[in-house]
Amino acid sequence: MSDIANNAHGASLLRAIGLLRESWIGMIGAGLISFWVLVALFAPLLAPHDPLAILQPFAKPGALHVGTGSTLWLGTDNLGRDILSRIIWGSRTVLIYAPLATFCAYAVGIFMGLAAGYHRGWWDMVLSRIGDIILSFPVLVLYIIVIATFGASGLNIVIAITFASAPGIMRLVRGLTLDLRNRDYVAASHTRGESAFFIMLVEILPNARGPLIVDACVRLGYVIITIGVLGFLGLGLPPPDPDWGGMVNEGRSMAMIFPHMTIIPCVAISSLVLGFNLLADGLREVSLRD
Amino acid sequence: MTEISHSEPASVLEIENLSVSYSTRAGEIPAVVDFSLNLARGESVGLVGESGCGKSTVAMAIMRYLGANGGIVGGKVRFHGRDMAELDAPALRRVRGAQIAMVYQEPMAALNPSLTIGEQLREVPLVHTGCAPSEAHALSVQMLRDVHLPDPDRIMASYPHQISGGQQQRAVIGMALLGRPAVLLLDEPTTALDVTVEAGIVELIAELSRKFGIASLYISHNLGLMLEVCDRIGVMYSGELVEQGDTETIFSQPRHPYTRGLLDCIPLPHADKQERPLRAIPGRLPLPQERPSGCGFGPRCESFQPEICGVGPIPMDENVRCARWRDIDPRDSKPGGDSRPDNPLGDTILEVADLRKHFAIRNNSLRAMVAGRTVRYVKANEDLTFDARKGETVAIVGESGCGKSTLARVLMGLETATGGTVRFQDAEVGGISAGDRSPAQLGALQMIFQNPDDTLNPSLSVGAQIGRVVRKLGAETDAAKVRERVRKLLDMVKLPAEFAARRPRQLSGGQKQRVAIARAFAGKPAAVIADEPISALDVSVAAAITELILDIQRENGTTLVFISHDLGAVRYLADRVVVMYLGRIMERGSTEAIFSPPYHPYTEALLSAVPIADPTVEKRRIVLEGALPSALDPPKGCPFSTRCPRRIGAICDEEAPPSRVFPGGHSISCHLSVDALEIVEPVIALKVDAS
Amino acid sequence: MVIFVAKRLAFMVLTMVAVSILLFLILEISPGSVATKVLGPYATDEQKNIWLERHGYFEPLWYRYFAWAGNFLSGEFGLSHRFKVPVADILWPRLWNTAILGFWTFAFLIPVSLVLGVLAGMREGSKLDRTISIISVLTTSIPEFASAVFLSAIFVFGLNWLPGTSGMIKGFEFQQLILPALVLFLYDFGYVARMTRASMAEVMTTPYIRTAVLKGLPYRLVILKHALRNALIAPFTVIMLQLNWLLSGVIVVEFFFAYKGFGALLLEASLNQDIFVIEACAMVAVFVAVATQTLADIGYTYLNPRIQFV
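Residue numbers (the numbering used here), protein chains in the order written: chain A, 669 to 958; chain B, 1089 to 1779; chain C, 4 to 313.
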């Protein structure tokens, strides 16, 4: 079975990338994302200072570092830490936790959605009800309660996001599965006596990848915003790790005099989310034209 | 409102050298090239061709509705002498719907699901004549009567999904005629409808066209229909009009090689799968971007001569677009392909006895719970009995809703029978789902599906999919051996070996169906169930696939269960036929017995409804009135009693009909006596003065 | 139809019950931690036991649940240990404030996003469509706290037109509602506009719109009568669900602008482990969520004539 599974996924990725070149919106999105991924990857090389080091409080962007004479391009925060370095290292935090949480959510959601859509009957009833119950919680309320109860840590954030996002993914996958299971090629598989696993993983899932990939991009954007909001509300990763949302919160009281402390992390997070949304739009456009 | 120009009083619509192209990211693609046609008042002209030939584009170009990418790049369309390109937007709106109206292929899609039929009908006179709403309503109700819809007031208040397909199309036709147009464009108006419903619609259109003096342009791929309906016909190929003329002449003396080829592809009553098989047109329809520089049909034409035919675009010469038509002797090409040796029949391998398949429908409404009827049953298959021998072709014939697809699914194990038995290769399989059958049983009985676009997994390569079947059912595990088998199978379906690496989206409909056939035969099955395998294909492609299936069947001695609604193909292919209606078998027997009297009344009506593309054949006209009963509430007696033109009386509604047996294993389920059935005249007969 | 509504309402109740059980289990399962949260970390074990005894925490779990649920239904939410008043006394006024904020947000959100979405979808690919789409993508990419920061920088610190906080200390001042509502509006408008645009664009490509045009109907009639009726079904459900989203969205906004609403209450309670407030807020939030979902389902079924209730 592995041979056939490989066959399904192999050439399609390259083709997708090639096609994307036709959508300039998608290219801009991909560019923004690549920018931040590179920043996160090369953080140790790019960051001029240790993000936790205290240099000089309240330096405006472009001011000179008293100690070394180097320029503090984005200024420092209320504790004197270099904002540029914190932004650079903060991108790592976001780009580790957001994809991780999204991936976990997808793993759970895909499994639940395939089972509910393919087997229907009891599976569907139970899984859909559970999903509906979870979805009936306003998302942020759920996060706040979970994190406030169990404490804030990277793992808890990932678990909370997985828990809250999986039902939405499950609904999407379930809908796609319900539609795809009626195709003749699925019936043909039945007439060969293929197992349920084979049909779900080889016949159904690869053919659902279009909408799923677009959804994944958009959802990554949401998750990044969520991580930022949690940080902003003080429920994010415990300090002192640089966290863009947390940076905004820390600088809020001084926003009138030192706007750079809040504006810069806001621009950072918005640009990254914009990248994912544009990429999703580009992929959608390209898949429609195909 | 209508301006009669004095230059050409006879022609209502003149299309002169029309060329339409679409601009896509691959460049400008021509859809229609140098098309000229005239439509006179009261005339019915047919435009026939296969998919992609541009016939629908012509209609859209007349209406000037080509979308953002399409545009008329040459030629003119003149309506009542006036060039339509000169019309400004308000003038165009006045023409649309009121002077040129259109009827569409899918009536359900063409109607707005959120508005009642009445609202959609009333709009036409309201907008075009500015009359009062009450008058518009009265006109609409009258029009519904004119299209023979029962209970017009109820239909006016209904939403489209609440009425049947045939009724929807009648409503659409009514909507088109409310504007009292001079020209009616019909784009495949009956393709989506059942054959018996189609017959009624066709008659309606003819009646109303005569009554209101409307010129109609009838677009279809169904040649037989054109013969019945149209005065003149134009044949299109790859965007060009290749031949034009009187209907009778086109059919009896086709001049263009493509027209001839097309007529050869259709299984007419005189074709014979052994002596005179169908002759498919070799090659493939060129993609619009790859049209050859010379004659469009050249690459596939056996009379092609490069010096004459391949040089530049071929002009119309006496209504034929062929440079050599005078030189080509019609007697040069055989009317059929090479003859095929007879297939010896063996023992019975499939026996179906009293098969029943009921689906439970749960109704959880309050009303049902009070009445104590929360579960009702759709009797999809009821008392089915027939058998098939080794090497034989048994056809299951019926229209939509007759239960033939359910029968296929039960045989394959995709559903399990509610009652009765299915014995395949001496083993009972009716109650055993596919998941529980042994690999040997699965491999011995395989299926070919209807829709070529859905039959293959879009994410896998062709070779991988066929290879998988070989691995699962062919008991082959060695990778090299599997690849070898795949190559042999592709060869068997006449596809080149490199197709193994291609994905389904790179294949045409016909090629995909060939792969499906290869897949079905990968496990060396003893029997193959083909569920409408050619219904979704173009005429020439269907002929090729039909011949392919017959060849493979011949070589392997496979039993073929051929499910279809296409009586022409059935008559050509089948050794024996089973006619189904609303879940029951109406008639059963050899092909000859079914297609000649005595008939079951339903078979009679079916034979009368199917258009035959042969001008030498005469058909008796039988049009069914009444509606198809719901499968939830079939009549206690004969299911056909609600529409049967030969209904005797109450006995037909209340008592199940007995089986009348005729010699040669021919049986008919009818209350009519054997004598009454035998004196019926044939539906189809050769014309007395056949040339 | 009646059965359908009844089924949806029954499901709503079922969800509320299930959620309440879940909530109860998460928050109140260990009496010890409840006591710690209520009395503070410095209370002695004896003090805790007395309090637990008095409030019936030594009864079996299922008994405690039903007592708790019973209290809840009668509006008795317990005492907020942070504000030292019954929870109900704080909850309802705060909810009312959030309702006001929500009302003004939606009053602008619904017409603007629907109109722009329809205009964009009507002529897909046009300049107007591209502009609206780009603006929509931009606004949905900017988190609420970020747009709050940007708007404050411009309107509060830069132009000095609007107040920076919305504490409503001197009674109700409409001016203080503007920025919070604007932030909520900006974030949500993009999403609703895009959904509407997608729905409209899809409707415009359907065969029945082609039929309407080829019947010679004026363009205005085609759009208003034929297209909108089908195109607005999906956005209607989306908008109903945005009410649900609102309860999440306000948290950040109320926190940022110090607006005394429901979201700020929940946040404060969570940060301070004010357990009874959390429970009450969570149940209210779920109730609103499930109610809007049910209304959306019923409304969609009602609006779509193709769905038949057998």
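By construction, these hints were calculated from the structure, which means they are not laboratory data.
Just so you know, not all the hints are guaranteed correct.
Unchecked claim - In silico EDC-like cross-links for lysine to aspartate or glutamate, where the CA-CA straight-line distance does not exceed 16 Å: (1) C:Lys10 <-> A:Asp800; (2) C:Lys228 <-> B:Glu1104; (3) B:Lys1707 <-> B:Glu1207; (4) B:Lys1164 <-> B:Glu1207; (5) B:Lys1724 <-> B:Glu1742; (6) B:Lys1612 <-> B:Glu1643.
Claimed, not checked - Sample of chain C residues lacking proximity to chain B, with all beta carbon distances greater than 10 Å (derived): (7) Trp71; (8) Ala72; (9) Phe109; (10) Phe153; (11) Tyr211.
Unchecked claim - What the simulated footprint calls covered on chain A by chain B, stretch by stretch (three residues with Cβ under 8 Å from a Cβ of chain B suffice, anywhere in the stretch; the number is not a length): (12) 845-853; (13) 871-880.
Built from N, CA and C at the ideal position, the CB exists for glycine as well.
To see whether the hints hold, each was checked on the structure:
no.	hint	result
1	C:Lys10 <-> A:Asp800	holds (15 Å)
2	C:Lys228 <-> B:Glu1104	violated (37 Å)
3	B:Lys1707 <-> B:Glu1207	violated (40 Å)
4	B:Lys1164 <-> B:Glu1207	violated (35 Å)
5	B:Lys1724 <-> B:Glu1742	holds (5 Å)
6	B:Lys1612 <-> B:Glu1643	holds (11 Å)
7	Trp71	holds (34 Å)
8	Ala72	holds (29 Å)
9	Phe109	holds (25 Å)
10	Phe153	holds (37 Å)
11	Tyr211	violated (4 Å)
12	845-853	holds (count 3)
13	871-880	holds (count 4)
Hints 2, 3, 4, 11, counting from the list given before, are not met by this structure.
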